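A.B. asks: For reference, the chains in residue letters:
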Amino acid sequence: MTKTDWTRCFAIVAAAISLAGCHNDMWTQPKLRAQQESDFFADGQADRMPVPGTIARGGLKEDEAYFTGRRNGKLVADLPSRVVLSKELLARGKERFEVFCTHCHGYAGDGKGMIAQRGLSLRRPPASYHTQRLREMPIGHFFEVMSRGFGVMFSQATRVPVEDRWAIAAYIRALQLSHDFDASSLAPDETQKLNVPADEQLGLPGAHKKGEAEGAPSKE
Amino acid sequence: MPQLFSRKVNTYSRVTLFCALALPAGLIFAGSAITRSAANTNVNVPLDQPVPFSHKHHTEELGIDCRFCHPSVETSAKAGVPSTETCMACHSQIWTNAPALKPVRESYEKGTPIRWQRVNKVPEFVYFDHSIHIARGLNCNTCHGPVQKMHITWKGNYFFMRWCLECHNEPEKYLYADPAHPDMEPRQKAFELYKKNKYGQDLTPVEWRNLEGQPLKFDAKQVEAGKKLVEKYGVKTKQLTDCWTCHR
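Top line first, the protein sequences correspond to chains B and H. Numbering-wise (the numbering used here), the first sequence opens with residue 1 and increments by one. Numbering-wise (the numbering used here), the second sequence opens with residue 1001 and increments by one.
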């Protein structure tokens, strides 16, 4: 073979070797990722349920009041000792309440949320928190309803972790207080502040235009 | 002795020279155009889904927060497709007989998942984590495009590495403060934009562009402010472009 032949030969072999290296097993790896399909498990899902009775490390739910909202079978009337009532707790509760609860119960907790207005009320309206029955209800009740569902309301336990459920319960109490308060007992400068529209107090300046914004086709 | 080459050869040689340069250039150009086109990346292409779920209806029109259906987005790597139970939390009561929702009801009855077509995907050697991006104040739309306008969901951006690096190289060009809530936690700020949009509050031009999924186009002053936010939010700029940040 001449020198050119050798060069050609080398080029072909080099190309063959590098092309053989072209594959996509890094792009699509044999590992299973969340929510993937799998042909390994009988139900075709990569996601597995824990074996019944599994307790994650540190996940033993010994604190009955904290995890169920009940102590010795009775609804707890105060926050469990693990939950510290603070401004931060209420702020967290407000944030989570607005994410997970307002569609049905409304920002003010009056049961007039968007979804409620669109059909839920046809069967059984979502509760307003501002009734005598719910004002007198121990706080454990709200935690239990969030955890286990109530009436047509589904359990929120898969979406809202335990500590957030307590924060929301605390915020619901604050909402109740806001609607059940004798304003005449306030000092004059505090009474002034009450004249701020309710929407703005809820941190929703412009919410009074709510009706239009929801009814009208949204702006493109 | 006659001329070896006729006059025609002049043209031939010119054309040959031109092609020798233009063809490879053209091929490279065409190749990269195809790679970036929607045919390859699926960007802006709504995918057929078993249920015609509309993000526009659920978020912009009804005002449901992103996190109601994607609650893990703040705390874990995956935003995740919501469980059928999440859909049924409302749809066990409203639109209960809608033909469009039949697959949802079947899934709930039989306990079998709905087979959605995946819209967003990165190669499996990329370890993307949603929670850290939210925690540093990035909005969903920065990467996913104008989700609140999507009737059928499409991919907002091609997730090429060079696209990721645009921000990982210069995070200060992607962070801005909300003038109405300057001290809001970056995590909350990310979702506040949707609330402001829903209730028709005034948005700054940057917020509008963010909402529309467009490039933010910071001017020099905004970049300066961005640099301060990078520091304030604790963005670890030194490791942002390290290989192991995204690859393992």
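To be clear, the hints were calculated from the coordinates, so they are not data collected in a lab. This structure is a prediction, so every number in the text was calculated from the model and none was measured. Be aware that one or more of the hints could be misleading.
[Stated by the list, open to error] Each pair of labels, with its calculated beta carbon distance range: (1) P1179(H) / R135(B): 37 to 45 Å; (2) G44(B) / P1215(H): 36 to 44 Å; (3) R1209(H) / Q117(B): 53 to 61 Å; (4) S155(B) / P1052(H): 40 to 48 Å.
Cβ coordinates follow ideal geometry from the N, Cα and C atoms, glycine included.
A.B. asks: Hint by hint, say whether it matches the structure.
C.D. replies: Results for each hint:
1. P1179(H) / R135(B): 37 to 45 Å: holds (39 Å)
2. G44(B) / P1215(H): 36 to 44 Å: With Cβ atoms ~41 Å apart, the hint holds.
3. R1209(H) / Q117(B): 53 to 61 Å: At 32 Å between Cβs, range violated.
4. S155(B) / P1052(H): 40 to 48 Å: violated (27 Å)
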